[in-house]
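Please put together the full structure from these sequences, using the hints given.
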Amino acid sequence: NAGVTQTPKFQVLKTGQSMTLQCAQDMNHEYMSWYRQDPGMGLRLIHYSVGAGITDQGEVPNGYNVSRSTTEDFPLRLLSAAPSQTSVYFCASRPGQGMGNQPQHFGDGTRLSIL
Amino acid sequence: DAKTTQPTSMDCAEGRAANLPCNHSTISGNEYVYWYRQIHSQGPQYIIHGLKNNETNEMASLIITEDRKSSTLILPHATLRDTAVYYCIVRVGTNAGKSTFGDGTTLTVKP
Numbered sequence: 001n002a003g004v005t006q007t008p009k010f011q012v013l014k015t016g017q018s019m020t021l022q023c024a025q026d027m028n029h030e031y032m033s034w035y036r037q038d039p040g041m042g043l044r045l046i047h048y049s050v051g052a053g054i055t056d057q058g059e060v061p062n063g064y065n066v067s068r069s070t071t072e073d074f075p076l077r078l079l080s081a082a083p084s085q086t087s088v089y090f091c092a093s094r095p096g097q098g099m100g101n102q103p104q105h106f107g108d109g110t111r112l113s114i115l
Numbered sequence: 001d002a003k004t005t006q007p008t009s010m011d012c013a014e015g016r017a018a019n020l021p022c023n024h025s026t027i028s029g030n031e032y033v034y035w036y037r038q039i040h041s042q043g044p045q046y047i048i049h050g051l052k053n054n055e056t057n058e059m060a061s062l063i064i065t066e067d068r069k070s071s072t073l074i075l076p077h078a079t080l081r082d083t084a085v086y087y088c089i090v091r092v093g094t095n096a097g098k099s100t101f102g103d104g105t106t107l108t109v110k111p
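Residue numbers (our numbering), protein chains in the order written: chain U, 1 to 115; chain S, 1 to 111.
Please note that a few of the clues may not be correct.
Unchecked claim - Only pairs whose alpha carbons sit at most 16 Å apart, straight line, appear in this in silico EDC-like list of lysine to aspartate or glutamate:
| no. | chain 1 | residue 1 | chain 2 | residue 2 |
| --- | --- | --- | --- | --- |
| 1 | S | K3 | U | E59 |
| 2 | S | K98 | U | E59 |
| 3 | S | K69 | S | E31 |
| 4 | S | K52 | S | E66 |
| 5 | S | K98 | U | E30 |
| 6 | S | K3 | S | E31 |
| 7 | S | K110 | S | E14 |
| 8 | S | K52 | S | E31 |
| 9 | S | K3 | S | D103 |
| 10 | U | K9 | U | D108 |
| 11 | S | K110 | S | D82 |
| 12 | S | K98 | U | D56 |
As the list claims (entries may be wrong) - Derived list of chain U stretches under chain S, where covered just means 3 residues or more per stretch with a C-beta under 8 Å from a C-beta of chain S:
| no. | segment |
| --- | --- |
| 13 | 36 to 45 |
| 14 | 99 to 111 |
By construction, these hints were calculated from the structure, which means they are not laboratory data. C-beta: ideal position from N, C-alpha, C; glycine also.
The structure is reproduced here in structure tokens:
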């Protein structure tokens, strides 16, 4: 049981490049979310999904796109990377279906640098 | 979701109990209190959660006041490995409830 798997672990991009951060979970969790964490700060919610085909914006959605075509996967896309998006990105999942009070499980993060 | 207020930092002596407070004065009746911690830059780790009763597990105890406006996370015998940032989060316990993290409390356990 791998839990929440994020790839890649590290990435360096040039300004204007695009990339997709991958997140997969094998726990059949309905709810998935993406956070970013800047140095010395807490986590800020970017986008979240309550099930396949359903996504919504969090606190800081600008510059990021998401989609949820399967229960297992929730990729985060940067269409045109900017230095302000340099951060550590965490993906999390938790159950739904009447178990919504259960806690989130987090991945190990993707450390992204935009030059 | 209700906002939470935590002290920026706290120290604790190794082997002593660490008591981390959290204020959530605007909490609603269907919102749970969750505690996570983050060691270095790893992904946050779940510790404990509760609705209105006190809770205990192998890691910690959670004490929620009767009016539910504040709570305390207790690490009964802190070790150096408990040095981390501790986050208190309040959210609705349904499929739609989303978690908002503040800046947390940096707990430093000293020898």
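A quick look at each hint next to the structure:
1. S:K3 with U:E59: Holds: K3 (chain S) and E59 (chain U) sit about 14 Å apart, inside 16 Å.
2. S:K98 with U:E59: Holds, because 11 Å separates the two Cα atoms, which is no more than 16 Å.
3. S:K69 with S:E31: 11 Å, holds
4. S:K52 with S:E66: 7 Å, holds
5. S:K98 with U:E30: 13 Å, holds
6. S:K3 with S:E31: 11 Å, holds
7. S:K110 with S:E14: At roughly 6 Å apart (the allowed maximum being 16 Å), E14 (chain S) and K110 (chain S) satisfy the hint.
8. S:K52 with S:E31: 9 Å, holds
9. S:K3 with S:D103: Cα-Cα ~12 Å, so holds.
10. U:K9 with U:D108: 8 Å, holds
11. S:K110 with S:D82: 10 Å, holds
12. S:K98 with U:D56: 10 Å, holds
13. 36 to 45: holds (count 6)
14. 99 to 111: holds (count 10)
Violated hints are absent here; each numbered hint is respected by the structure.
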